[in-house]
Amino acid sequence: MTNNDIFKKLRVAHKLRDDDIVKILALVDFRITKSELGAFFRREDHPKYMECGDQILRNFLNGLIIHLRGPMPKKEAKAPSTSKRKKS
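Just so you know, we're using this note's numbering here: the sequence shown kicks off at 13 and counts up by one.
Hints in this document: simulated from the structure, not taken from any laboratory.
Just so you know, these numbers come straight off a predicted model, no measurement behind them.
Misleading hints may appear alongside valid ones.
Below, in silico cross-link-like pairs of lysine to aspartate or glutamate (EDC-like), each with a Cα-Cα straight-line distance of 16 Å or less [as the list claims (entries may be wrong)]:
hint, residue 1, residue 2
1, Lys20, Asp66
2, Lys46, Asp30
3, Lys46, Asp32
Label pairs and their computed distance ranges (CB to CB) [said to hold, decoys possible]:
hint, residue 1, residue 2, range
4, Lys86, His26, 21 to 29 Å
5, Lys90, Glu56, 45 to 53 Å
6, Lys90, Asp17, 37 to 45 Å
7, Lys90, Lys21, 37 to 45 Å
We put the beta carbon where it would ideally sit given N, CA and C, even for glycine.
Using the sequences plus the hints, can you model the full thing?
Given below as C-alpha coordinates:
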(Lines of atoms letter the chains of each structure in order from A and count residues from 1; the text may use other names and numbers.)
(Lines give C-alpha, C1' and ligand atoms only; values in the text may rest on other atoms or scores of the structure.)
Protein backbone atom coordinates (compact mmCIF):
# COMPACT_ATOMS: atom_id res chain seq x y z
CA MET A 1 0.00 0.00 0.00
CA THR A 2 1.46 3.35 -1.05
CA ASN A 3 1.27 6.72 0.68
CA ASN A 4 -1.17 7.78 -2.04
CA ASP A 5 -3.48 4.87 -1.14
CA ILE A 6 -3.36 5.78 2.56
CA PHE A 7 -4.02 9.43 1.76
CA LYS A 8 -7.01 8.51 -0.45
CA LYS A 9 -8.49 6.19 2.17
CA LEU A 10 -8.17 8.81 4.92
CA ARG A 11 -9.74 11.39 2.64
CA VAL A 12 -12.77 9.16 2.00
CA ALA A 13 -13.06 7.94 5.60
CA HIS A 14 -13.14 11.49 6.97
CA LYS A 15 -15.21 12.87 4.06
CA LEU A 16 -12.64 15.56 3.32
CA ARG A 17 -12.68 17.86 0.29
CA ASP A 18 -9.62 19.49 -1.24
CA ASP A 19 -10.32 22.73 0.66
CA ASP A 20 -10.43 20.80 3.94
CA ILE A 21 -7.11 19.08 3.25
CA VAL A 22 -5.43 22.38 2.33
CA LYS A 23 -6.67 23.86 5.64
CA ILE A 24 -5.54 20.79 7.60
CA LEU A 25 -2.05 21.03 6.11
CA ALA A 26 -2.00 24.76 6.91
CA LEU A 27 -2.48 23.86 10.60
CA VAL A 28 1.05 22.47 10.59
CA ASP A 29 2.41 25.32 8.41
CA PHE A 30 2.59 23.18 5.27
CA ARG A 31 1.39 25.03 2.18
CA ILE A 32 0.01 23.15 -0.82
CA THR A 33 -2.27 24.13 -3.68
CA LYS A 34 -5.40 22.27 -4.77
CA SER A 35 -3.80 21.36 -8.09
CA GLU A 36 -0.74 19.88 -6.36
CA LEU A 37 -3.07 17.99 -4.07
CA GLY A 38 -5.14 16.67 -6.97
CA ALA A 39 -2.05 15.01 -8.44
CA PHE A 40 -1.91 12.65 -5.43
CA PHE A 41 -5.46 11.43 -5.98
CA ARG A 42 -5.11 10.59 -9.67
CA ARG A 43 -4.63 7.09 -11.04
CA GLU A 44 -1.03 5.90 -11.33
CA ASP A 45 -1.19 5.74 -15.14
CA HIS A 46 -2.36 9.37 -15.43
CA PRO A 47 0.31 11.70 -16.89
CA LYS A 48 -0.09 14.24 -14.03
CA TYR A 49 0.04 11.61 -11.25
CA MET A 50 2.50 12.41 -8.48
CA GLU A 51 3.73 10.16 -5.69
CA CYS A 52 2.87 11.31 -2.18
CA GLY A 53 6.08 11.54 -0.20
CA ASP A 54 6.54 10.66 3.45
CA GLN A 55 6.82 14.33 4.45
CA ILE A 56 3.45 15.25 2.95
CA LEU A 57 1.67 12.28 4.51
CA ARG A 58 3.34 12.93 7.88
CA ASN A 59 2.30 16.57 7.84
CA PHE A 60 -1.24 15.63 6.84
CA LEU A 61 -1.49 13.13 9.71
CA ASN A 62 -0.16 15.69 12.21
CA GLY A 63 -2.59 18.28 10.87
CA LEU A 64 -5.46 15.79 11.00
CA ILE A 65 -4.75 15.18 14.68
CA ILE A 66 -4.96 18.92 15.36
CA HIS A 67 -8.09 19.18 13.21
CA LEU A 68 -9.85 16.37 15.09
CA ARG A 69 -8.60 16.92 18.65
CA GLY A 70 -7.54 20.53 18.70
CA PRO A 71 -4.09 21.90 19.47
CA MET A 72 -2.08 20.42 22.32
CA PRO A 73 -2.53 22.32 25.56
CA LYS A 74 0.59 24.18 26.64
CA LYS A 75 2.47 22.46 29.42
CA GLU A 76 3.17 24.43 32.56
CA ALA A 77 6.82 24.70 33.42
CA LYS A 78 7.56 23.11 36.75
CA ALA A 79 9.17 25.51 39.17
CA PRO A 80 12.32 24.15 40.78
CA SER A 81 11.82 23.09 44.35
CA THR A 82 13.27 25.62 46.80
CA SER A 83 12.98 23.52 49.94
CA LYS A 84 15.77 21.13 50.72
CA ARG A 85 15.31 18.03 52.78
CA LYS A 86 17.46 17.59 55.82
CA LYS A 87 19.07 14.24 56.25
CA SER A 88 18.89 12.87 59.74
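For each hint, the structure was consulted:
no.: 1; hint: Lys20 with Asp66; verdict: holds (14 Å)
no.: 2; hint: Lys46 with Asp30; verdict: holds (6 Å)
no.: 3; hint: Lys46 with Asp32; verdict: holds (10 Å)
no.: 4; hint: Lys86 with His26: 21 to 29 Å; verdict: holds (27 Å)
no.: 5; hint: Lys90 with Glu56: 45 to 53 Å; verdict: holds (51 Å)
no.: 6; hint: Lys90 with Asp17: 37 to 45 Å; verdict: holds (44 Å)
no.: 7; hint: Lys90 with Lys21: 37 to 45 Å; verdict: holds (41 Å)
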